[in-house]
Amino acid sequence: MTAALRFDPIRLPEKCEQLRKEVRAFLAEEAARGTFDTSKPNREDTDVPEFCRRVGERGWIGMTWPKKYGGQERSFLERYVVTEEMRVANAPTRRFFVADRQSGPVLLKYAPEHIKMDILPRICKGEVCFAIGMSEPNSGSDLFAAKTRATKTEGGYLINGTKIWTSSAHIADYMIAIFRTSPPTKENRRHGLTQFLVKMKQPGIKVNPIGQITGQYEFNEVVFTDHFIPDDHVLGEVDGAWKQATSELAYERSGPERFLETYYVLTELVRAVGPDPDTRSAEGIGRLVAQLHTMRRMSVSVAGMLQAGKEPVVEASIVKDIGTVWEQQLPHRVRDLAAFVEETATNRETLERQLDFAIKTAPKLTIQGGTTEVLRGIIARGLGLR
Amino acid sequence: MAESDNIVVETAEKIFADLADPQTINNDKKGSWQAPLWQALSEAGLPLSWVPDDLGGSGASLADGFALLNAAGRFAVAVPLAETMLAGWLLAQAKLASPAGEMTVVPASPRDRITINADGTLSGRARGVPFAKAAKHFAVLAHGGDGVSIALVDPSKTRIEPGLNVGYDHNDTVTLDKVQPVAVKAAPKSVDQTTLMLMGGVARSLQIAGALESMLDISVRYSNERVAFEKKISKFQAVQHNLARLAGESAAALAAATSAADAIANAKSFDDEVYLEAASAKIRCAEAAEKGGGIAHQVHGAIGFTIEHILHRYSLRALAWRDDFGSESYWAVELGKLVARRGADELWPLVASR
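If you're matching them up, the sequences are chains A and B in order. The first sequence lines up with residues 1 to 386 when you count with this note's numbering. The second sequence lines up with residues 1001 to 1354 when you count with this note's numbering.
Quick caveat, the hints were computed from the structure, so don't treat them as lab data. Hints are not guaranteed to be accurate.
[To be verified] Listed next, the in silico DSS-like pairs over lysine-lysine satisfying Cα-Cα at most 30 Å (straight line):
#1 B:K1133 to B:K1157
#2 A:K243 to B:K1235
#3 B:K1189 to B:K1157
#4 A:K67 to A:K125
#5 A:K68 to A:K15
#6 A:K310 to B:K1235
#7 B:K1235 to A:K364
#8 B:K1235 to A:K147
#9 B:K1185 to B:K1268
#10 B:K1268 to A:K15
#11 A:K186 to B:K1232
#12 B:K1337 to A:K40
#13 A:K125 to A:K206
#14 A:K364 to B:K1291
#15 B:K1268 to A:K21
[Said to hold, decoys possible] Chain A stretches covered by chain B per the calculated footprint, using a threshold of three residues with CB under 8 Å from any CB of chain B:
#16 2–10
#17 317–325
[What the hints assert, rightly or not] A short, non-exhaustive set of chain B residues, derived as facing chain A with CB atoms under 8 Å:
#18 S1223
#19 S1250
#20 A1251
#21 A1252
#22 A1279
#23 S1280
#24 W1331
#25 V1333
#26 A1340
#27 R1341
What you are looking at is a predicted structure, and each value in this text was computed from that prediction instead of being measured. Ideal placement from N, C-alpha and C gives every residue a C-beta, glycine not left out.
Just chain B, with the same shape it has in the complex (with noise of 0.2 Å):
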């Protein structure tokens, strides 16, 4: 999965630098760029890149849209590519067409529980689902006396109460209230909620690492301009250590989000050992965010702390991204779970099983 390997990465790389430049949105105080952006990308068919053809998508592989991920955390893309791109996987599960325009799924969180009635409408509530303002449509997942089913909503449906994440996205409590779903199919046993929260934790893993690889970049070319007691701060010793230190956060960050990208774009089923990689992806994702953050605002002093400057579009997005689709908190829970109730001696085999 390396950068620019296949042509959806190159069309979006094309296309974020040309839209999605950073330093040009920071200073875009209307958000002008945001519709040039998304019908950008709408044409080149990437929202919906894990649609089949035959339910209106593009149908890229599930790797190669994970590694589009990764390139759009590497711009801290502001706009719903990655959770449209899980709106559409998750109907194409269930063989529902995909409409045209931004979407998002619902729930966004474990904790979160959407039911389906005996008349088939939809009630519930789920908190911090992102860009659910923005989107044209929900892809729905819930539970029903006959097991799972996934949906396609109409938001106009719903109440939607606005709110920001620690990023200024948005991110929004969505209320479904008896709503009739435009369209609605039982799930295949393969997909349940932890399903789509491990399918979401990935994604936003990569867009971590992104975020975590283009911190480094800049915190580095920073280094080597920024010049105090007489010397550029990148040949002290104490920066070059935190510098070191950033990029094993980095690297480790884009090591476990491509390990279970590939994981999942490889798996038969999601087995413990797909679990292993995903939820690790998450935790050891969101410690980096924290970590690698910090560091890349420690080397920019001052500056980095302005909003003029593009080094909060990164980490806080880094940070924010943390929460979706389950925490750190909860994903080390479940995992330490798994473990325990393995035992002892299946810890091993379990780390060693790819």
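Excised from the complex, chain A in its bound form (with noise of 0.2 Å):
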């Protein structure tokens, strides 16, 4: 037996290509309306509530999720067809992406009945937003660090403590988050942390937002300040938090959304070079496009091994370390390839703003949802080195 990781070439049924255009022809539509530009990047402060609705109408939200929680028991294929279309196509997902990728699962699996027939069904109208409250001031990849108190009370729980670099919190209408409910044992410095599901924009709970390097102000600090979760906000097993991550890490880690971040400055590079290239461009764009098909066979894959009920932890990890140090790279090749493109390419302009996004992009990529590092020790584990 050999520690190679084998990717299975999944191929996505005929079903998906008849979603495939309907997606298609929604966002043309939606662009064609003016709800979004598709030569503008997926900025992810931009919130558009209604856009959000229509996709939920469509029935492309929670699309794996039963049917009595609003979902349409359609399969994880089906759902990456979307992703991936939405992402290539620049749209708005910003409110509805994280709570249909991992917030909504997670409720699914853990939240009591009248939780889940509560906010489910919301989800899949594309109303409410989620943020992930994992990281702290002096808790990042270490998780299992993370100080925020969850004090017991009559009916519930006192939240005191921050959370940091939390996505949307500014937008985000609840959380799911990590707080600690009992100190680490000796045996186990994982225990003592419970996942908790916040309701947002509550008396407790100050969103201070952050600026970040692109100019935008995505992320946030989250101060609680006695904030009262009741008891049945508590998700799965109190003290057991750590059991409970690694299968949300697998749909985060391994989707459309770990490659394709600043696809775009690829199209427009090939918009730029014409029908005609020199040969150092055809090389440079050959070789990305060879690179890019590769991750996201290994992604559809990943989908394939999730839609069989398996929990590949390994693999999402490796198509998330590949994928995102190649989007990470690729406004920088893609630099180097329109160093010559004529000053007259129509889309010259076009490229150049993308790039400059991009370019500022590029550093986080390697950093959110998971360190390059922590995913390296993921793998290396998966080896037996560890």
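Dock the two chains into a complex; use the hints.
Written out as structure tokens, the structure reads:
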């Protein structure tokens, strides 16, 4: 038996292609009515609630979930198609994306029935936005060093402490967060954290925006002061959050968003070099397309594993490692290849504007959602090295 | 295409394990392992996997044959198995029967061209032909006034300048000067030089991916044995992260190669989508051979640089295989041109076509 990981060549079934046509037509229609500009990078601080509601009307949010919660009971491969088409079109999916990808599945697994019935259908309608409360000022990659306390009180918990780098907290309706309910034990430093559903926009929660090097205000500091959370908002086992985190990671780390974040500059480069590129441009584009194609095939394969009920955490880590390093380098490679593009290329200004933004975005791609170092640690563990 | 999920691969792996053990081969300076290995492979019908029964082969599916090549890569098999399979496949495209014995294909580079003259003889020069010197027959793809022909050629009628590739396998220059073929037939419309190069490229991609799988295995094993600074080197984070990257390169190569093999095995024709798959596989596997092989050597340190150690059987062959049937630079240029010709707005539909 070999240590090598196999990514079986999953093909998207026919019904996915029909769906893809529907999604493309919808997005073209939305772009035509001015909802968003397909040439503008998916700025994460862009929030277009009416677009999200229309996506919800199509049944494209929470589409793998049970019908009784507003889902469509469709496959992960169909969800994959919707996700990649939205991403490539630079559609403003911010409001529903996190809920669709990971918060919803967590609720499905751990929330009590009345909460599922309340929240999941609203996610599917594109009405609610979720944030993820993991990092703290002194606990980023080292998740289990989290200190924000949940102290037991009558009927629930009182929360005190600070979460940080929390994307979308300023618009979020809910957050799924981990808080400390007990100290770690000598045997298990991961013990003592509990996952909670937090209702945002409530007393005891203050959201302070943090400026980013891109000029955006997309992540935040979230300060909790005696914020009350009722008992039924505990998700899963008290003190046992560490057992629950793993499957979420496979969802979070393997999707097309993990290599398509800066894809728009490649499209624009192809436009700029025209139909008859010189050898240098042709080779550069060919290599980038080959790398992109390979990652997509790996990512689709992981979607197939999820569909088959597996928990491909190591495979997902590999996709995110290779994918985010690639999408981080992409704007720089495109910049190299665009160096000799004619001054007269009609899309020159668009390409330059996109490169400016992509180059500023690039540093975060290997940090958010699990740093490269953390991912390689997970892969190393999968290889039996630790 | 998981390991050992079909009888062809199971049979091959058993033969490789018995007769192509890398350490045994590496210790054998006389090459006495070659004849028994080839005999066993031939008796099992493996070299003519892609030749239908009525043309003298064993009639395995394209998919099974590709899986067999991946297994051959895992053992860094250094007999002309892939070459004979490709030659048999090429001959079968024109309904030409395959003779017994080792074969190879001419040309083996997209930049070389063999022509068929008005009198039916063949002329031209092909460089970098793998195992030409060992071959009992050549399967030749030639261009003439009437289009593409496929011919069976007796190597003794050609001039062979022997050479070795970077992995120490024969890689020869073959010159045909008005050579009368043993048999020749017109190729079907679906087969041209590009088709042959894409098939050969995918075969090499699967072999590279297999070699990387083994490089990962032996590197992980070595890191768990070797002690430095009073601990196993596998416990150093820098080593762990290098091995994680090797696992990524190995996985990417395998994914690209098996995806391309699956695409060809299920394709009705060699359209743009198949072209993307096959060209991408060769490009990405060649890149992985460089990056992954480099890490495998780094983990092994000086011992992996010795001729006694088996690592080079994988690492150098993976590097050598990059050159056959079009290098990654060649395919990148061609793929880049295809993408540019289709235009910016057709790039994503191409990538997302399967």
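Results for each hint:
For the suggested pair K1133 of chain B and K1157 of chain B, the alpha carbons sit about 12 Å apart, so the restraint of at most 30 Å is met. Of the pairs offered as hints, the one joining K243 of chain A and K1235 of chain B holds, with about 25 Å between alpha carbons and a cut-off of 30 Å not exceeded. For the hint pairing K1189 of chain B with K1157 of chain B, the CA-to-CA distance comes to about 28 Å; that is within 30 Å, so the pair holds. With a CA separation close to 13 Å, the supplied pair K67 of chain A and K125 of chain A stays within the 30 Å bound.
For a cut-off of 30 Å, the pair hint linking K68 of chain A to K15 of chain A stands: about 23 Å separates their Cα positions. Between the alpha carbons of K310 of chain A and K1235 of chain B the distance comes to roughly 29 Å, so the proposed pair stays at or under 30 Å and holds. With a C-alpha separation of about 28 Å, the suggested pair K1235 of chain B and K364 of chain A falls inside the 30 Å cut-off, and the hint holds. Proposed proximity of K1235 of chain B and K147 of chain A is supported: the alpha carbons are some 29 Å apart, at most 30 Å.
About 22 Å separates the Cα atoms of K1185 of chain B and K1268 of chain B, which keeps this hinted pair within 30 Å; it holds. Note on K1268 of chain B and K15 of chain A: the hinted pairing holds, with a Cα-Cα distance of about 20 Å set against a maximum of 30 Å. Distance check on the hinted pair: K186 of chain A and K1232 of chain B sit about 25 Å apart at the alpha-carbon level, within 30 Å; holds. Only pairs whose Cα atoms come within 30 Å are accepted, and K1337 of chain B paired with K40 of chain A is accepted, the gap being roughly 26 Å.
Of the supplied pair hints, the one linking K125 of chain A and K206 of chain A holds, its CA atoms being roughly 27 Å apart against a limit of 30 Å. About 24 Å separates the Cα atoms of K364 of chain A and K1291 of chain B, which keeps this hinted pair within 30 Å; it holds. Taken as a hint, the K1268 of chain B and K21 of chain A pair is honoured in the structure, with Cα atoms around 23 Å apart against an allowance of 30 Å. Judged by the Cβ-Cβ criterion of 8 Å, the stretch 2–10 of chain A is covered by chain B as claimed, because 8 of its residues qualify and three suffice.
Counting residues of the stretch 317–325 of chain A whose C-beta sits closer than 8 Å to any C-beta of chain B gives 3, which meets the bar of three, so the coverage hint holds. Because the smallest distance between the Cβ of S1223 of chain B and any Cβ of chain A comes to about 7 Å, under 8 Å, the interface hint for this residue holds. Among the interface hints, the one on S1250 of chain B holds; its C-beta lies about 5 Å from the nearest C-beta in chain A, closer than the 8 Å criterion. Annotation: A1251 of chain B was flagged as interfacial toward chain A, and the flag holds, the nearest CB pair being 5 Å apart, inside 8 Å.
Because the smallest distance between the Cβ of A1252 of chain B and any Cβ of chain A comes to about 5 Å, under 8 Å, the interface hint for this residue holds. Below 8 Å, beta-carbon pairs count as interface contacts, and A1279 of chain B has one with chain A at about 7 Å; its hint therefore holds. Given hint, S1280 of chain B at the interface with chain A, holds; its Cβ is 4 Å from that chain's nearest Cβ, closer than 8 Å. Taking 8 Å as the C-beta cut-off, the interface hint given for W1331 of chain B holds, the closest approach to chain A being about 7 Å.
Taking 8 Å as the C-beta cut-off, the interface hint given for V1333 of chain B holds, the closest approach to chain A being about 5 Å. Here the hint on A1340 of chain B is kept, as its CB sits about 5 Å from the closest CB of chain A, short of 8 Å. At about 5 Å, the closest approach between the beta carbon of R1341 of chain B and any beta carbon in chain A falls short of 8 Å, and the interface hint on this residue holds.
Comparing the model with each earlier hint shows no violations; every hint is respected.
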